[in-house]
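Numbering (this note's numbering), first residue to last: 518 to 1429.
There may be inaccurate statements among the hints.
Unchecked claim - SDA-like, lysine to any residue: derived pairs with alpha carbons at most 25 Å apart:
1. K1390 with N1380
2. K1067 with A1020
3. K1375 with E1337
4. K1086 with E1133
5. K812 with W744
6. K991 with H972
7. K991 with L1075
8. K695 with S729
9. K1365 with R1418
10. K1181 with H1328
11. K1304 with P1318
To be verified - Okay, the calculated beta carbon distance ranges per label pair:
12. G855 with K1390: 46 to 52 Å
13. N1166 with K1067: 38 to 44 Å
14. S838 with A560: 32 to 38 Å
15. A1411 with D1103: 42 to 48 Å
16. R1419 with K991: 53 to 59 Å
17. A802 with D1030: 48 to 54 Å
18. E1033 with E1170: 57 to 63 Å
19. T846 with N1166: 36 to 42 Å
20. R1167 with A998: 49 to 55 Å
21. E1033 with A1087: 30 to 36 Å
22. K1255 with T1407: 24 to 30 Å
23. G1134 with M789: 17 to 23 Å
24. I1358 with S956: 32 to 38 Å
Since the hints were derived computationally from the structure, they do not count as laboratory data.
Every residue gets a Cβ at the ideal spot worked out from N, C-alpha and C, and that includes glycine.
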Amino acid sequence: MTQSFLTSAVASRFYARWLNADPARAGMVADLAQLSITPAIFAQLLQKETAAGMPLQRAVRRVRNLVVATLIERDLGGRADLAEVMETISSFAEFAVQTHLTALTAEMIEAHGTPIGNESGEQQEMIVLGMGKLGGRELNVSSDIDLIFVYPENGETRTTSPEQRSLSNHEFFTRLGKKLIGALSEITEDGFSFRVDMALRPNGASGPLAASFGMVEDYLVVQGREWERYAWVKARALTGRPADIAALEQIARPFIYRRYLDFGAIEALRNMHAQIRAEVKRQEARHPGRSNNVKLGRGGIREVEFLAQVFQLIRGGRDASLRDRSTRTTLATLAAKGLLTPEEVDQLLQAYTFLRNLEHRLQYLDDAQTHSLPSNPDDRLTIARMMGFTDVESLLEELDAHRAIVAAQFDAIFADKRGGQQAQGGTNEAQAEAHVMLSDADSRDVIEARLAALHFDEVPAAAQRLLLTCQSPKLQSLPEASRGKLMALINSALPIIAATTNARSATLGRLLDFFEAIARRAAYLALLTEYPHTLERVIRMMSASDWAAKYLTRHPILLDELLEDRTLKAAPDWTAFGQEVRRQLDASEGDTEHQMNVLRDLHHAQLFRLLAQDLEGDLTVERLADHLSALADILVGATVMAVWKTIHNRHREDPRFAVIAYGKLGGKELGYASDLDVIFLFDDDDQEAPALYAKLAQRFITWMTTHTPAGILFDIDIALRPDGASGLLVSRLAAFEKYQAESAWVWEHQALTRARFCAGDAAIGARFEEIREKVLRQPRDDAELRKEVLDMRKKMHDAHPNRSPLFDIKHDAGGMIDIEFIVQYLVLRHAAQFPQLTADIGNIALLKLCGELGLVDKDMALNVANAYRSFRKLQHQIRLQGSDRARVETERVAQEAAQVRRLWSSMLGSET
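Turn these sequences into a full structure, and let the hints steer you where they fit.
Okay, here's the thing in structure tokens:
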């Protein structure tokens, strides 16, 4: 709170005039100032005035003056903070609109009948939209109110007496709107309630005063401009039926919030801000006394509002928590989501509070809608003392400090970043060449010369590729602005590529594939234009990995992840991620398609962060696999619960159902593109349970594998379920236990060595682990076990023939499959004696454990464990370059393969 050095009567001429006009008013203010004023108090005060014979218009104005005077008294006396002042005056404006509209609607119906909708046949009510600060519940004490009048349907009024004259609904609500404006804004002996501004309605001053939903929708779709999106962010219905309000929100939301991340909003708001600033400068030049505009001036209130709203327009379509109408609430959300730092938001909130308190004190002087410091020295000193300063210089010093903070934050987001960026670390020649700009009309010779100057490899092929992009129908048919941005990005990219990699032509080709994929998405072009460091990161990723380049090209929405180092490089917080997944799924309950896209978007974003950390060398292959497996576990669990809620005849709130992971997910060795090997178990005696859980499993697979606009989540493989393809989709837990004990093949027990509980009912998961351990610890005949393992290894080897001269890291003799089979053999052979072998700790750890237990030569076990680690790393590097098969020159891995074959021979006595 800001404590004034002056009393209300001394500080505010309005307060003094109003107080001196009636001796009773001092007592009224004193009594009311003891309380925080609520809408219930408004009604009591109004009833008291009307009971004394006051007409409604005069009564509302008298209450308004009392409320404003009381706010001045509480604010300057240090009993009300900014939040209370804004909330109170906003609530009163809403109360005034509702009160007058109710009375005027009754008058109109008495004279003209009830407006009825053509389509529904139901009575129609006018919705008054509060815009701007009224919509955000952050109104100024002496502000006007921005309103829009809408009604659901066209039609005519239904009369009930000959005296009533029927009107069209449009005429009815237009007349009603005019009456409402007059009731609120006409100046009487008691002043006015609120000035009303209708300029934000469709088509502005030239548009109809009241518009039907149909007209609003047509206008927003066809003619709605960027600045109107900004205005409609704040739109809040003050009147109307809930169903009508919800229908209007459905119409407006797609116009305000894009389904994609809309970085084009930055340029639109930058242009709007430039126009506002130009007008303010013109006004200040014509009226030098009106300088220091705390609302529209540099570092003022409007810049704080723009900072909050640009993030809303960019991200609000994908994140409902950013659709709040309050500037202060939105700023707090930006900190919570890491879009601005807590320190930045704290500074902005402090500045916003200071500026709004100052704005109120400017208006307290004469109850005038002003935002500039007065030119009169005495009035300036009065303002300073109302703000708790002893002199004007101290006020201006504090004001300048806050405005400097706001201006710096504003510039960080809105400064025009186009042109003039070169790659850091580039050669002098490359930097000089950055000033030579290609256009889409340049010839092959010009392009070749440009690429040669930047030392590109394979210049003719690279020039041809670039020429094809520049002259492609897709690029030529783009709007001029988008085409210009794309060519500017290409020109910016060339020196960055030259400074980043020696594989320049390959990187350029990947980047051009990406540009062609996003060319029609102006928002992505805007993001790369507004954030040049993001373009540099894209190029680094694409030069490092063909797979990463293709992944980003398929999912360009992930560009957003490259904006901030602190989110891109942060270690995953899987607990928080799981909570966010559940929150977003719960927010979309009932909308299956949206929930499926939510899962995919969250998966892609988290995977992309891991990919970025991987390419920077921040993660080992083992640590990456742990993270990818944890990510899959969370998404599997969240999907099971979301799908269960879609089964309407479910018999319990939480399903007694579990997903068991096998293969790479079971062993926590998941890769970026791995499918999920799973089986489904249930333990429920309800007679409908088998059918319900089969439906759950089927829908789970559908949710995972369906192609949506966001792609798929995971491919699912259920071949390892009991009896394979001929078996039931879902197994009862007891039946699974019996199958494993009596019917399972040895290869199924091999698979069980890498199985674990993944998601679902934890009790079933615990029981599965007991069954698994019991099965793995069965005593086994060594000769029979060896034969079964060798037979299965031969089948797998025959199924993956390698006719190339290269060594297949996974399938060839001495490769990864051999190591996995060795580990599985050792577990099945010795777990009866050494139960610690049943732990699902991964192949490397199990090999080392077998060496420590003396089951194999310790040095040989360590060598093969290291070979497995090397193979995984090499396989991972090859996959990152986009190759489906991990094959290398035999000499490159000859030593590791020989170590594996030596252990295989000592354990299983036969070459694979």
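Hints, verified against the model:
Distance hint between K1390 and N1380 is fulfilled; the C-alpha atoms sit about 15 Å from each other, no more than 25 Å. In summary, the hint linking K1067 to A1020 is supported, as the alpha carbons are separated by about 17 Å, within the 25 Å threshold. Taken as a hint, the K1375 and E1337 pair is honoured in the structure, with Cα atoms around 17 Å apart against an allowance of 25 Å. Between K1086 and E1133 the CA atoms are separated by roughly 9 Å; this keeps the pair inside 25 Å, and the hint holds.
Restraint check for K812 and W744: satisfied, since their Cα atoms lie roughly 18 Å apart, inside the 25 Å limit. Between K991 and H972 the CA atoms are separated by roughly 29 Å; this puts the pair beyond 25 Å, and the hint is violated. For a cut-off of 25 Å, the pair hint linking K991 to L1075 stands: about 23 Å separates their Cα positions. A hinted pair counts as satisfied when its Cα atoms are at most 25 Å apart, and K695 with S729 qualifies at roughly 16 Å.
Restraint check: the Cα-Cα separation between K1365 and R1418 comes to about 17 Å, which is no more than 25 Å; the hinted pair holds. Among the hinted pairs, K1181 with H1328 is consistent with the structure: their alpha-carbon atoms are about 15 Å apart, no more than 25 Å. As the CA atoms of K1304 and P1318 are separated by approximately 21 Å, the hinted pair is consistent with the 25 Å bound. For the hinted restraint 46 to 52 Å between G855 and K1390, the CB-CB distance of approximately 32 Å leaves it violated.
For the pair N1166 and K1067, the beta carbons lie near 43 Å from each other, so the given range of 38 to 44 Å is met. At about 33 Å, the beta-carbon gap between S838 and A560 stays in the expected band of 32 to 38 Å. At about 55 Å, the beta-carbon gap between A1411 and D1103 misses the expected band of 42 to 48 Å. Separation of R1419 from K991 is about 57 Å and conforms to the stated range, judged on CB atoms against 53 to 59 Å.
Checked against the given bound of 48 to 54 Å, the beta carbons of A802 and D1030, roughly 51 Å apart, stay inside it. The hint said 57 to 63 Å for the Cβ distance between E1033 and E1170, and at roughly 49 Å that hint is violated. A beta carbon spacing of about 41 Å between T846 and N1166 agrees with the range 36 to 42 Å that was offered as a hint. For the pair R1167 and A998, the beta carbons lie near 52 Å from each other, so the given range of 49 to 55 Å is met.
Judged by the Cβ atoms, the range 30 to 36 Å given for E1033 and A1087 holds: they are separated by roughly 32 Å. Between K1255 and T1407 the beta carbon distance is about 47 Å. The supplied range of 24 to 30 Å is therefore violated. At about 43 Å, the CB distance of G1134 to M789 disagrees with the hint of 17 to 23 Å. The supplied range of 32 to 38 Å is broken by I1358 and S956, whose beta-carbon atoms lie about 60 Å from each other.
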